[in-house]
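Peer 1: Construct the entire structure; sequences and hints are all you get.
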Amino acid sequence: MTETKKTLFASGHRACPGCGVPIAVRSILNATGSNVVVVSSTGCLETFSSPIDLSSWEVPWIHSVFENAPTVATGVLEALNSKGNPNNTKVVAICGDGATNDIGFGALSGMLERGDDVLYICYDNEAYMNTGVQTSGATPYGATTTTSPSGEYSFGRDRTKKDLCRIALEHGVKYVATASISDLKDLERKVKKGLEVEGSAYIQVLTTCNIGWGFDSSRAVEVARLAVETGVFPIYEYENGELTNVKKLKEKKAAKEYLSCQKRYKHLFADEEKNKEHLDYIEQLTVQNVTKYGILASK
Amino acid sequence: MKLSIGGVCKAGESKNYHTGTWRTFKPVVDNDKCIKCGICERYCPDFCIDIKEDGCHVNLDYCKGCGICAHECPVKSITMEV
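Chains as they are written, first to last, in the numbering used here: chain A, 1 to 299; chain W, 1001 to 1082.
Everything labelled a hint here was simulated from the structure, so no lab data went into it.
The structure presented is a predicted model; accordingly, all values stated were derived computationally and were not measured.
Some clues are possibly wrong.
Below are the DMTMM-like pairs computed for lysine to aspartate or glutamate, each with C-alpha atoms no more than 25 Å apart in a straight line [as the list claims (entries may be wrong)]:
#1 W:Lys1076 x W:Asp1061
#2 A:Lys6 x W:Glu1041
#3 A:Lys250 x W:Asp1061
Peer 2: See below:
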């Protein structure tokens, strides 16, 4: 075997070429260090990192079923605490957007409500990518997926993305943040901050999926950057319920720039006149984000 | 292969699986141009780039050829070739 780099997430995992998830996971583990137990729900990450005897994890890692990663995380934490947790080992849950928004939502809500000392990180690729791009609660407005296909009678997904950060905040979570794979230093800083908080913390990371979104694998980071620069995915931080930090932009790019580079929105541009209301609505959503979080830097 | 109780496996054994066989295009680095900024290293999803004293090294055992490194390189020192 050739010499490989020392990372807590090993090479040889089976993610698709150009996947955004391993980029995020490596940064997360850089920030947590090795004194951590990671819990994952079913999803892309679990599938590509854990074939039997080919685990990519260099830290203790556990997977149970789809819906209960928060519950397992609580269990791991309780087990550690009952032994006194002499090394102050942290528990981190890394789950996909399907497990977070839909299937494991009840378990997550319970964990956040109890305020267990777990850092919950949702890697958000905006659909069930592992099973072949089905709509999840995190799929944005207008995107085509196999369960919200665009066509003569449909323009793709007809609901807006579920704002799980807001829902987490309503649970009284002390630390809620969003991050993107386009800024890994920011992600690492946020993970460290989330670990320091006593009680639950919730971080949502935008991880691009070139297969499901439809763009060339080399553009994975660029598309994540565009999502931030167009206001589609605002980067912010709430501490104790207060908005304390926002990634500012000099100018907001038009949402069209982000949408037009992905095949999942291609149908909207096939007949721009017909889909004007949808394109305008998406632009309006991004403008709302910019105003709500005060994203534009004052001149 | 014998399964252990609970499917417990050794850490980091995926290194035995060489994903480099998936590749169509491979990154070729022009180390005269490379400024060793480390951007490619951070963004590589397969962790196969190493920035050393003499420049940028790619571990082709694991590189799946996604091309993120070439696309993100600020001085265009990486090209994807067959």
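Peer 1: The structure should be examined with respect to each hint, and the outcome stated for every one.
Peer 2: The hints, checked one at a time:
| no. | hint | verdict |
| --- | --- | --- |
| 1 | W:Lys1076 x W:Asp1061 | 23 Å, holds |
| 2 | A:Lys6 x W:Glu1041 | 13 Å, holds |
| 3 | A:Lys250 x W:Asp1061 | 41 Å, violated |
When the structure is compared with the earlier hints, a violation turns up for hint 3 alone.
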